[in-house]
Amino acid sequence: MVFVGEAKMPEVKISVIEYNENSFKTSTFGQIEAVLRRVPAVLANGVTWLNIDGLHDIALIEQVGQHFGIDRLTLEDLLNTTQRPKLDDFESYVFLVVKVLNFNKTTMSLEIEQISFVLGKNFVLSFQELEGDTFNSVRQRLHKSGSLLRRRGADFLLYALLDTIVDNYFVITEALNEKIEDLEERLLYENNSVLINEIYALKKELGQLRKSIYPLREVIVTLDHNESQILSSDTKWFIRDIYDHTLQVIDHIDTFKDSAGTLLELYMSNISNKMNEVMKVLTVISTIFIPLTFIVGVYGMNFKNMPETEWEYGYFLILGLMVLAAVGMIYYFRRKKWL
Amino acid sequence: MVFVGEAKMPEVKISVIEYNENSFKTSTFGQIEAVLRRVPAVLANGVTWLNIDGLHDIALIEQVGQHFGIDRLTLEDLLNTTQRPKLDDFESYVFLVVKVLNFNKTTMSLEIEQISFVLGKNFVLSFQELEGDTFNSVRQRLHKSGSLLRRRGADFLLYALLDTIVDNYFVITEALNEKIEDLEERLLYENNSVLINEIYALKKELGQLRKSIYPLREVIVTLDHNESQILSSDTKWFIRDIYDHTLQVIDHIDTFKDSAGTLLELYMSNISNKMNEVMKVLTVISTIFIPLTFIVGVYGMNFKNMPETEWEYGYFLILGLMVLAAVGMIYYFRRKKWL
Amino acid sequence: MVFVGEAKMPEVKISVIEYNENSFKTSTFGQIEAVLRRVPAVLANGVTWLNIDGLHDIALIEQVGQHFGIDRLTLEDLLNTTQRPKLDDFESYVFLVVKVLNFNKTTMSLEIEQISFVLGKNFVLSFQELEGDTFNSVRQRLHKSGSLLRRRGADFLLYALLDTIVDNYFVITEALNEKIEDLEERLLYENNSVLINEIYALKKELGQLRKSIYPLREVIVTLDHNESQILSSDTKWFIRDIYDHTLQVIDHIDTFKDSAGTLLELYMSNISNKMNEVMKVLTVISTIFIPLTFIVGVYGMNFKNMPETEWEYGYFLILGLMVLAAVGMIYYFRRKKWL
Amino acid sequence: MVFVGEAKMPEVKISVIEYNENSFKTSTFGQIEAVLRRVPAVLANGVTWLNIDGLHDIALIEQVGQHFGIDRLTLEDLLNTTQRPKLDDFESYVFLVVKVLNFNKTTMSLEIEQISFVLGKNFVLSFQELEGDTFNSVRQRLHKSGSLLRRRGADFLLYALLDTIVDNYFVITEALNEKIEDLEERLLYENNSVLINEIYALKKELGQLRKSIYPLREVIVTLDHNESQILSSDTKWFIRDIYDHTLQVIDHIDTFKDSAGTLLELYMSNISNKMNEVMKVLTVISTIFIPLTFIVGVYGMNFKNMPETEWEYGYFLILGLMVLAAVGMIYYFRRKKWL
Amino acid sequence: MVFVGEAKMPEVKISVIEYNENSFKTSTFGQIEAVLRRVPAVLANGVTWLNIDGLHDIALIEQVGQHFGIDRLTLEDLLNTTQRPKLDDFESYVFLVVKVLNFNKTTMSLEIEQISFVLGKNFVLSFQELEGDTFNSVRQRLHKSGSLLRRRGADFLLYALLDTIVDNYFVITEALNEKIEDLEERLLYENNSVLINEIYALKKELGQLRKSIYPLREVIVTLDHNESQILSSDTKWFIRDIYDHTLQVIDHIDTFKDSAGTLLELYMSNISNKMNEVMKVLTVISTIFIPLTFIVGVYGMNFKNMPETEWEYGYFLILGLMVLAAVGMIYYFRRKKWL
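Residue numbers (the working numbering), protein chains in the order written: chain D, 1 to 339; chain R, 1 to 339; chain E, 1 to 339; chain P, 1 to 339; chain G, 1 to 339.
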């Protein structure tokens, strides 16, 4: 077994929450042995949620795996952070891989974290790459003794955790929506070639998003159709709600993809328009002055016999004629809407 | 429970219509308590239609929910106005979310309102974001004592309400069709860069339309396949009619999407044609005058020994030659169809 | 009930054909009452084909509907000429809406007419918007006493009518094929911007065609899978033949769509090529004459001390040099294939 | 019944091959009557393969049809050479239409021939538009007494014939592959506008190919799923082999379609690059000479008081300055990589 | 039977590995007869893996086929190296064709090798075009006596071999990813037309990849759904793991395809931007100097009566005016951001 990915935390952090309708206990551990001594694999009643932040300590993961009877294949999958979102239904537990997205506002880029869940009869194991505040809202709801979360089983806890993750996707789509509207705005007023690179970066982000979220649709359908006793039919109603939200996120991404395509078309038409404008300036200037320059060239010739040059007011006559010609051409361009 | 969306009305308005084949009563209430005292959750006979305009009063929605035995998930969904059209089939009722589209003629933009329906055995609850006249035609038909609507049950009322909404989509497609034909017309005669922004706006509107209407197809199929006793098989015939209309609207949107793509191509080819025309003017002017300017330059040189300048009619000869050259080039451009 | 569409005929025309293996009678009526008195709804033996040209007389349509026991929904659908091709399978009859296409050679445009059929146990009702010659070939085959059409029932008559309509689609695809080949030809020799509008018009026509014909595929599959006794299994073999033809027409339309896309690309590359050619002319002229004009400018300067101007043959020397330079540049452009 | 297509042969040719494991007899006939007298419709043992080249003799086709009990619809289909590849499963026989492709090397174009097969219990009828050598390899294998072909039934003969046709498709894809590689090569070195027409022709050929081959996939699936006793399960193994080959051909065509699209993009980018190059030449020449021409113009002015013109070496000074300016600009263009 | 492809090795190499939980033996042979004498077709216990490198010796392949009871069709397929990845499920064995990809770093191109597997009850036959090190890691794991591979059957060996091949695909996607990022980088800084050819080559490679890997998805699904006793349900869990990896590779290829499309758009917009820049230089130079050249032309005319030329400081006045005009125009271009 090897850890595939980069260790994003120096040390692994382990926290355990045990609760039932009446009691609630939360503890943090540095050593996995202490945890496993404390938490029996098969719990009499109540729900245990074991959360592990940081995946690079393979020995620790193996110990947890053996304690809870988790297949080696599952352990390999959760150690590989380049997984696709997926669901594996073993008989004694359900294994899920999902992606958490964060829009890092300092680097203005999308960060993707993989979270794996193991749902057993009355426990949930969650494995995160990073210590984060994604699940804080769930922890707060677990504190309240009368809450739905406290009254229901481990499957409902999994639902609550997944729901938090999917709700978080809407924050990302909101940020992307703003980014697209900002690009639109700037395409109207700016013309520089930085925009094409931003559009390209946007397209790449949408690609990452798609890879992280599209497979989730299938994962949740599989979860809904799961026939083991690990998921109660009550919870499935809630799972369907997550499904609706996932579809909505996918709708957004599809729309964004269309928009990105149209932004590119806007950009290309902007370049063409700009070139058209440049060409018009050149053409107007050339068309006015080239014929006039020809005329003055004519009277610069050194022929002996050029009657006009002998006229008293020849010079002024020619100047007048040239002014008339220039005015005529300007009028013509006006009519053609080039000026 | 939270209200997701913007409160589009200052106060919530509640109206109740109770009818059966023989009687019809309509009432408006300010307080939900009065309504619920009046309307028993399980009605002996006849149909009750409770319509609520404005969704920001969560307490009120909760009271209605408890009275009619509606699931908390359903209430959460109807309070979230960013829903995708969907149908949830609970055993005791059917929950539907659909989108109503309005083309605001003053702002020339598409407005989307979410309407949720709860269909029970003999009641229909409808929840609108805004007080509107969408359902006035249904109210008028309910007034007529002999009408089909009066003779049938709550499921037929739901059909009538959905039918009104889907028929309204045709008004939108009609407006978009005009918009597209107007853009086409202007693309033939105008050349300005405003058009690209209008095409872009059109594409965005089509995206919104698609998101609002495409999921409806599936919703109506699910409604048709519904096996509970809430929908009679007679009404299903009518539901299939709505299905046909939805398909027709989707056909229209698909066609519009194609048209928008082609409009963009027309626009791009217009820009190219325009640039071509500008280039031709420049080329014609340059090609005629640059050689002539060279010739007059030749006779402007100050060499001591330039025989032509000494000729009596040298000047006129050269002028004549230049006229011939110009005529020749104009003839050449004519033949090439550049003039 | 309302008529949706435009009345394309001043008066409604009604014709009735009654036939069995041995007898054949055709009659035309001005008044529907006379027809209905004559034609009992349930016929002992033989087949009755009632054809109505013109749909704007709602009262008439209602009378026919009542006489043959046709549902109100069906009547509403056949009065709406903006229907999508569809099939509704009522227990006592089958209702079909199809589109007839005509390529009007004077206006060079596609005309779409809606024809609705009601197939009962031993009658066929057909409702046309226009009096046309579409079904003349069927009438002629009905005249012949030994023909297959005479020996079979109403379902076979419906097959024959649908077959005529689908065969007619091939006339349209043939006309479009010619149009596309004509556009191709002209794109090679002409360069004007009318072509883009013709390509755009072609694309719109293909869109209409698609909307009229694609849904027919599903209609015919539904007809083939129909399990009522109205369609005999013998006739189904023939229906499958229509299905094959519909697929073939759809193949053609798909090919045309591809061709239209490529025509646009041809057009765009033509514009670019043309601009390239214009640019080359400008560049050749400028590149040859601008340096020469500079040289003659040099000897037009009025410096006191310019030795060359004093030379006996300075002028001729310079002329010779310029001819050489011009020849050199022409040679260079030849090698670059610009001339 | 009518023949749809063009008669590609002056006279119809009929050949019969009768064989079983032990005997083999081949005969050619001019008159169909002789054939039918000789070949009973229901054969005791052995396989009969009747091949007809040329389809324009309708009477002959009808006689064959009656003799072997073939449906009128089948006969109509095989007389129509514009059919889509298809399979009709009648109870007593299976009817197949496929397309044979030939790449005519003299006209460099694709020729499409339709071949229809009727597979009965122990006979195969094949109908070709043209007398060709497509099936010669099958005939040769039939000559060898111990061959698999001789040991198996009529269904295996059909497999062998289809296999020959599908194998022949690879010859076509090979030819197209060469054509595409040739176009690629020429796009790198040539720049003329003939290429766009060749790319367009290629796209049309790919369209024809697709129409001829895509439906075959479905035909072969249907043949494989055929449940009548006409096809033995042994032969089905072989049919699946043809299926794999068809998929491979379709893979090739899909790849070619992508390539054709990219060729077009290469062509367009070539045009743009070429125009860029032309523009650069114009710009370099203009940018160097236009300022110089201005300078010489300055000293061509006829002002009384122009000190520089009086200087002894003014002329040479100015010439030197202009050389410096020109060198400077050339250096600048070099740095910008325009030269 | 013929070998389709090119013989990539001079001589065929045969190696046999026999193992069970306790023993392990590896041998290499030059003659197939020796191998077959040694290896009985039906093995009592343990697993035999026979690997053949080089496919051009048809006689050898036939001997192996007869020995292990392999169908002639299978032999034909494995001799044809242009196969599509596929799975054929014969009752006594499963036949698989897959593609191994190698990125040759010296030629910078993709090399595709076909490997065929025959999985029997307790043997695996593998047929490679080339002697390679693809399976070395599997051989090493087989050496370790306690390994999972040694404890399981032939089906698990097949899994391990397939897993190695699919894992190798990630090396290719990694290489392609680098290639794309390198192209992106260079598109920002370089402008030459070599890039378009590299993008085109990339697209072709992606096409090959798609053809090699997409069909594998279906192959693995079929393997997973295989109901024969050759695959144990334990191994199927592992097969599903390969399936996940295949989907991941396909995700990558889809993303690359999108990226390649966008690279092309970047390239085209780069060309346009470059042309725009060239045009601006030309326009700025022309617009400044053409009017000035006109002015100096005016004072180069030879009219007798031109008052300005008589003024003491006329020359300096005109020079000053021209400097002002030039400065004004430069200011104007600055404001328009052209300079």
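Certain hints may be false.
When chains are identical, the list treats them as one kind, so a pair holds in a single copy or across two.
Unchecked claim - Only pairs whose alpha carbons sit at most 25 Å apart, straight line, appear in this in silico DMTMM-like list of lysine to aspartate or glutamate: (1) K204 to E18; (2) K13 to E181; (3) K203 to E312; (4) K8 to D57; (5) K144 to D71; (6) K337 to D182; (7) K105 to E198; (8) K304 to E113; (9) K25 to D258.
Don't read these hints as lab results, they were simulated from the structure.
Hints, one by one, checked against the model:
1. Taking CA atoms no more than 25 Å apart as the test, K204 paired with E18 passes in neither setting, with 41 Å inside one copy and 49 Å between copies.
2. For the identical chains of this complex, K13 and E181 are neighbours neither inside a copy (40 Å) nor across copies (35 Å), given an alpha-carbon limit of 25 Å.
3. In this assembly of identical chains, the alpha carbons of K203 and E312 never lie at most 25 Å apart, being 72 Å within a copy and 68 Å across copies at closest.
4. In this assembly of identical chains, the alpha carbons of K8 and D57 lie at most 25 Å apart only when taken from the same copy (12 Å versus 45 Å across copies).
5. Taking the closest pair of Cα atoms, K144 and D71 come within 25 Å of each other only across two copies (21 Å); inside a single copy the shortest separation is 34 Å, beyond that limit.
6. Proximity of K337 to D182 under the C-alpha cut-off of 25 Å is restricted to the inter-copy arrangement: shortest distance 22 Å between copies versus 31 Å within a copy.
7. For the homomeric pair K105 and E198, the shortest alpha-carbon distance inside one copy (16 Å) is at most 25 Å, but the shortest distance between copies (32 Å) is not.
8. In the homo-oligomer, the alpha carbons of K304 and E113 never lie at most 25 Å apart, since the shortest distance is 89 Å inside one protomer and 82 Å across protomers.
9. For a Cα distance limit of 25 Å, the shortest separation of K25 from D258 qualifies neither inside one copy, at 49 Å, nor across copies, at 49 Å.
When the structure is compared with the earlier hints, violations turn up for hints 1, 2, 3, 8, 9 and for no others.
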